[in-house]
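J.: Sequence:
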Amino acid sequence: MNLLIDYLHIYFDNAKTMEGVVIPALVSAAILLVQWRFTKRKPLIFMLLAMTIFIGISLSHWDSGGLHVFTAGLGFWPFMVMLFPDDFPWSMAYPLAFLSVLIPDIYCTGAMSVWRTGWFFGIGGGGFQDGDFVAPALTLLAALTIRLCQKRGMFAFGGKQSSQAG
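Residue numbers 1 to 166, in our numbering, belong to the letters of the sequence shown in order.
Think of the hints as simulated: they come from the structure by calculation, not from any bench.
One should not assume that every hint holds.
With a straight-line Cα cutoff of 16 Å, these simulated EDC-like cross-link-like pairs (lysine to aspartate or glutamate) come out [said to hold, decoys possible]:
id : residue 1 : residue 2
1  : Lys42     : Asp87
2  : Lys40     : Asp86
3  : Lys42     : Asp86
4  : Lys40     : Asp87
5  : Lys151    : Asp86
Kindly generate the complete structure, drawing on both the sequences and the hints.
T.: What follows is the structure in structure tokens.
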């Protein structure tokens with residue numbers, strides 16, 4: 001238990017952690033294992049995941065702060081929650097946003113031959129401040145906000161008809 005507390009302390013306080021993708025990967029794996037069977041429209045999800053990965057790879061760039069990946073999943077996955085509330089659980093936005101950031105991060109780091117600390121251990125090196133952690137969390141927050149708005153009657157497409165004739 002003490003090792004876990006020490007690891008979390010390093011992860012949240014140090015911007016140069018070596019295992020930055022461990023916590024988001026574990027959370028993503030847990031959500032995928034639980035929610036994947038409730039998810040419908042899987043071909044559409046795979047197509048959008050491929051699009052977000054391609055957009056992330058195409059629009060990523062390096063500067064002195066490291067690799068910057070455009071996070072298209074921040075818009076795509078909450079939009080899926082809005083359009084298909086019964087077919088796409090809102091919690092699936094987290095692992096899909098994580099994958100749409102992680103894969104371009106790994107690919108572009110290897111393509112640019114910028115392995116500063118070894119083969120895999122530079123990915124997510126910003127820890128809590130890294131995009132591999134922040135982008136899925138923001139996507140999940142946006143998906144949850146849309147889902148809560150849907151429960152209150154906003155963003156309801158095709159489900160309820162108005163009783164007023166116009």
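J.: Hints first: check each against the structure and report whether it holds.
T.: Status of the hints after comparison with the structure:
no.: 1; hint: Lys42 - Asp87; verdict: holds (9 Å)
no.: 2; hint: Lys40 - Asp86; verdict: holds (8 Å)
no.: 3; hint: Lys42 - Asp86; verdict: holds (13 Å)
no.: 4; hint: Lys40 - Asp87; verdict: holds (5 Å)
no.: 5; hint: Lys151 - Asp86; verdict: holds (12 Å)
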